[in-house]
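Colleague: This is what each chain is made of:
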Amino acid sequence: MALPPPDPQFVLRGTSAPVHTLHFSCGGPEPDIPLLFSGSENGFIHVWNLKTHRVDRALDGHGRKSVYCVETMGGKDRLLSQGRDQRICLWDLAEGRTSVTDSVFTEHVGFCRCSLLKVAQGRWLMAMAARSLEEVQILELPSKTSVCTLKPEVGAKLGMPMCLKLWQLSCGSQPVLLAGYEDGSVVLWNVSMGKALSQLNCHQEPVMSLDFDSEKAKGISGSSEKVLSIWSLNEQQNLQVYKTHELVNAGISDITLRPDKKILATAGWDHRIRIFGWKKLKPLAVLDYHTATVHCVSFSDHSTPRDRLLAAGSRDQRISVWSIYAQT
Amino acid sequence: MAVFDTPQAAFGALRPVCVQLTRTQTVENVRQLQAHLAGVSGAALQELQEYVLFPLRFALRVPGPKQERLLQSLVQCISSVLAATCVKKQELLQELFSELCTCLAPPPNSGKAAPLSEELKLAVIQALHTLMHSAYGDVILSLYQPSSLPLLGFAVSLLLTLAEQEKAKQIKISALECLQVLVLQCDCQEHRHLDEDEEQQCGDLFASFLPGISIALSRIIAGDIKQGHKTTVSAIRLFYLIVGLVMADKQLARIPKSKEKLPVEHSRISELMIHRGSDWTKSTAEKLSILLHKVVESSSVHPHWKVRLELVELVHHLLRNCSQSLVDSFSHLLKALVGLVNDENSEVQSRCNKVLQGISEQRIVAQNRALADVLSENLHSLATALPRLMNSQDDMGKVSTLSLLLGYLKLLGPKINIVLHSMSHLQRLSKALVQVLELDVTDVKIVEARRSEPPGPLQQGVQKGRCQKKYFRFFTEEKVFQLLQQVCRVLGYYGNLYLLVDHFMGLYSESGLYRKQAAMILNELVMGAAGVGVDFLQEREAALNVDDLKGSITSILDEYMDQANWYLFTSVDSEESSPEQSEQHLGLAVRAGGVSSSVLLLSSEPPVTTRTMNSNIWQICIQLEGVGCFAAVLGKEFRLLLLSALYPVLEKAGDRTLLISETALGTLADICEACGYDSVQCLINENSDYLVNGISLNLRQLAYQPRASQVLDTMLRNSDASLLPLVEDVIQDVLSALDQSYNSQASTFLRVLHSVMTALVQWFGMPSAEEHQQRQTDKGQSRALSQGQHKVTSQEVERFFLDYVSQKRIAEGDLPDLEEEEETDEVPLANPEPNSDMEGEAPLPSHAQLARDVMERCIHLLSDGSLRVRLKVLDVLELCVTMLHPHGNHLLPMAHRVWPALVTRLVGDDPLAVLRAFKVLCTLAQTCGDFLRQRFSKDVLPKLTSSLLSQAPVSARAGPVYSHTLAFKLQLAVLQGLGSLCERLDMGESDLNKVADACLIYLSAKQPVKLQEAAQSVFLHLMHVDPDSTWLLLSEVCCPEGYEPPHPSLRPVKLSGMGRPRNELTDNVLLLLHRLQQQEATGPRSSTQEASPS
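Residue numbers (the working numbering), protein chains in the order written: chain Z, 1 to 328; chain E, 329 to 1422.
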């Protein structure tokens, strides 16, 4: 008998605006307080203390324009945030500071979240949608030097990039970018050569979010339609549809694989969070708590699996935190 | 008066008397010598010591029987010489010693003490005493050579016999003191300190006497109480001194393996000498143990406190000196010591405590494994016997038993862990504690005592959380409980907290029978572990690890607040039991999947009896107290735990059972203090996010909804407007939960909605409501003024008539009456509209938005099947209306939607609901009077008046039973509500007339009194609205006085009521007219009667 779906472990209130992005930083050793960063529509980044469940700090760096991407760079003291003010800010949060150390002006007007990949100690690659509609630009951080610009072929009509995922097979190997486009296709880019390796048309509608498991060479994408698409990457670097999964309600705003690649969570426009097993995409649970569209889901990076959490941010201004399948 | 300072002079003076004495030994001569001695200085006498002593000793040695009196004076004289001089020669000492002893020697072969006079015995004892003190330096040691063993033995046995067999207290005491000197343990400081070897030697020597001395002394100690406490005290002292000397660990450690060979000439003596080898030590210790047991037993209950004090000293001395050799006796000794901790005499108590402390501080126990073993053995046997003792002993006995237990624990100190690590010990101890702490759960009052309904603000109940007084099955004395508390705390202080917590948690979950006690013990353990309120003798070795403590507390809290332990049946309230019951099952069902033990719980669920409920109440209280303890222990650290702990506690603060809610309030106060919040309000305000989280999550489960609403209720009651954003958030949850369960949970949620609205009105509504009221009264006053400005002057009368005529003309011409009324109605209507339109453009403030959302739900619930719900809805509705007052154009559409349902309440519902509905209508009328007026007169009024009219004859005829009928109540409700409503709605004349007509018949004296009164109230209200027409109406019925027109040109006033015979209406009408007159006289208006002829 299946257990009834659990309630959230707790709910964080107080952003006073819809929540668009979440990012955990819980990997630190014991005295470190586990943190959750949330970016909300009013331009604030809240730093939640997961011990007290309260806001430690609120960062204001995007001119009250919606913040839709927050990432940490290394420890919890360096933060990257992207907002609708077309800027990507780098923060220094060490020792109580809350200053923006550097920023990148993207000139991109869409919602496409940037993607960050650590290539060496203190060196990151960042993929972001660029000014001209279809282009994706790769920058090296913190130097901000442009590595390359990925332009689709003329006449490809992919539309704007909607979501990006930068990854590499193993440390030191070639970085590869997966980009979901407005026309519903997912394109695999070789970053160093700057050319498209493969293109897969997996959705009729814009791809809203994707995630990729480099070990199994399998990825999943969701769009505004009722379908989740799972695709795989073969040895020839070709993307092919592996499976699709029909949903009850249309609209997926975010998809995240848990770091251990056992389960994945989707954020639905139907106010629900869905949990699937990654192996066979077996539906495991539907978490029904929010009263508005769920914008983002994120898994924590706790070092002990038992503590691992799932957080979801929603338009109803709440962040629900769940402890599910922590034992598996 | 030293007359003779030099030896020569002294010699000259003493010589004759000495010679005289040598010649003839008479009492007289001795006295003379003594008299002369008094005049000789000490130094001189020292020179002449032997010379002076010679005649005395000679006299003693003269063979043949002697007069006792002579003997006595001789001995006294010797002792006075010795007192002034010191003996510097060994031989002299020995000779004197033996000579003095011989004086008391019993006649040969008699075996009994010599039949001598008591004075003589005393003199000899004193002389011996003096002799021992006058021995100079090392000289004394010559007595303690093996060779003088027989002599010493003789003296010892002599003195012992005296001490034991004499009747006179003085002799007994002197003999004992003398013995004390003899064994070189004199209390006075004059003696030379012996070095180790010398002590060792003496010890060897005295070992021979030990059996004799100890047996004799123990007999004396256990002897008749009549011998006086001093004897016993001396005997005890001597006992421990001698035992302490002979059995001293230090000495025994240095004893060589084999017996020393003495020179040959002493071979006989050598046989007498004892070798204190290990065998001897062991056997002696065994024998001593018996004696000690006897001593302890008799003296620990001795009525005189000095004896008990001496016993403490005995234990102290022996523990300090013989902790190894006498280890077997310590169980008795410590028992005595520990038992005396609570002696009735404070001196004994404090000394005892000091000794105990000394023992702990010197770590005698901690370093001595054997002693610890003894103690833990004692502990074990005591723990085993504890439940039995607790059952059988009276409270005093329990106190002493428990203080014994406490004493053992304290003495063990850090060694407690050894005991705790032994499973059997721990089990014994814990079972004993659990059994003793069993609560008395038969009191029905606890179950019955309910909190009085609207719970006041929390601040009132906030004193420092004191523990609720508990009633135990096995004892009533408070002291017993305190001791038990101390026992637990000491355990917590020294013991391994994890081990203890684990163990008692095990007991906690093992059986419902143990649960309360285990919880109580756990609370105390934690307190003890934190070192709060612990009486300890020595500091524990390792300082407290806060993380450990926090870990333990967290796990205990989790257990306490587990569904199965926190939510228990505590009442059989009709209102609460059903959801609780379902929740219980649901909770269990949910748990059943995960935890197997819950299945057990399910099956063993007993039927709910008063006893079970009482027990459950206590369990919750104890757990609540525990939460308070934990907070106190952790201080500010507890803030982190508030996340999980505050919500459940607040839940209990709203519990209907008095005891629980009181305890929870105490706990809240504790938490406040511990976490540094100024007040409970502060606590709730600052942690409202945690609470809201809990509420919101609990609202998701149907079963937990009542509790969540309770918490929300409490939270709202105790916070302020700053909470609004959070409240808003959670109210949305409430509303959506309500939407999903209108049927089952309506009444629960209505309570919440009610408190939400009350809070909102309190936070935001008040100013606007007041304002509005102000406006209302302003309006009323202006109207009153406009009406009351008539001065009774002819001009005014004239103007009035002119107006009247013109009005009448208009009326008769093209405008009918009704339209005119409408026109006047529309004037105020037009006024607020532009005003409210502007408001409408601005977004509705969130609190008003909430009110609107709530009102929306109320519309649906107005026609609920249950009267209780309907009443509550009406209350909430009224608050919503108040809240929406300033936002007219939001209120009006709502009012429009509410109307149909409200009409039904007014027209055809239970009287109670009718009355409430009237109230709502009144409130509603304040803002949308115009909107309502017409509808009211169209939809409601006709029905009400017609029913009033039709019912009037019935009620007029009815007997006293009628007042219990529904019809009566309905009439009453309508009459009570109608008046104020008319006033509020500012009804038109025709409607007022309808009302007045309908109510007039109720002024009849035939009607039940209550209805008459209610009808009166209607008229009183009407008087406010339109005094003139009311006056007219009443006067038409009955007019007591005539009215003279002010001017002869006016027609004389003719009212139909004039001169009527007295009828059923007269009384009430007259009363009302009188009131009207009063009102007119005191009000701003002058009398208006004259302005209103028809």
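Calculated from the structure, these hints are not laboratory results.
In this text, a Cβ means the ideal position worked out from N, Cα and C, and glycines have one as well.
Keep in mind that a hint or two might mislead.
Claimed, not checked - Quick list of in silico lysine to aspartate or glutamate cross-link-like pairs, EDC-like style, CA-CA up to 20 Å:
#1 K1334(E) x E1408(E)
#2 K578(E) x E524(E)
#3 K118(Z) x E134(Z)
#4 K157(Z) x E182(Z)
#5 K759(E) x E705(E)
#6 K51(Z) x E965(E)
#7 K807(E) x E965(E)
#8 K51(Z) x D607(E)
#9 K964(E) x E1014(E)
#10 K878(E) x D102(Z)
#11 K51(Z) x E1014(E)
#12 K878(E) x E182(Z)
#13 K964(E) x D56(Z)
#14 K51(Z) x D875(E)
#15 K51(Z) x D466(E)
#16 K1271(E) x D1325(E)
#17 K585(E) x D607(E)
#18 K878(E) x E30(Z)
Unchecked claim - Beta-carbon label-pair distances, calculated as ranges:
#19 T52(Z) x E1184(E): 56 to 64 Å
#20 R1196(E) x D77(Z): 54 to 62 Å
#21 S16(Z) x D886(E): 17 to 25 Å
#22 T52(Z) x V629(E): 34 to 42 Å
#23 D1006(E) x A58(Z): 21 to 29 Å
#24 D890(E) x P5(Z): 42 to 50 Å
#25 P5(Z) x R1196(E): 46 to 54 Å
#26 T52(Z) x D886(E): 42 to 50 Å
Colleague: A separate judgement is required for each hint: does it hold in the structure or not?
Modeller: These are the hints, each one checked on the structure:
no., hint, in the structure
1, K1334(E) x E1408(E), "29 Å, violated"
2, K578(E) x E524(E), "9 Å, holds"
3, K118(Z) x E134(Z), "25 Å, violated"
4, K157(Z) x E182(Z), "9 Å, holds"
5, K759(E) x E705(E), "17 Å, holds"
6, K51(Z) x E965(E), "12 Å, holds"
7, K807(E) x E965(E), "32 Å, violated"
8, K51(Z) x D607(E), "67 Å, violated"
9, K964(E) x E1014(E), "14 Å, holds"
10, K878(E) x D102(Z), "42 Å, violated"
11, K51(Z) x E1014(E), "16 Å, holds"
12, K878(E) x E182(Z), "53 Å, violated"
13, K964(E) x D56(Z), "18 Å, holds"
14, K51(Z) x D875(E), "15 Å, holds"
15, K51(Z) x D466(E), "78 Å, violated"
16, K1271(E) x D1325(E), "14 Å, holds"
17, K585(E) x D607(E), "11 Å, holds"
18, K878(E) x E30(Z), "15 Å, holds"
19, T52(Z) x E1184(E): 56 to 64 Å, "36 Å, violated"
20, R1196(E) x D77(Z): 54 to 62 Å, "59 Å, holds"
21, S16(Z) x D886(E): 17 to 25 Å, "32 Å, violated"
22, T52(Z) x V629(E): 34 to 42 Å, "60 Å, violated"
23, D1006(E) x A58(Z): 21 to 29 Å, "26 Å, holds"
24, D890(E) x P5(Z): 42 to 50 Å, "21 Å, violated"
25, P5(Z) x R1196(E): 46 to 54 Å, "34 Å, violated"
26, T52(Z) x D886(E): 42 to 50 Å, "18 Å, violated"
In this structure, the earlier hints numbered 1, 3, 7, 8, 10, 12, 15, 19, 21, 22, 24, 25, 26 are contradicted, and the remaining ones agree with it.
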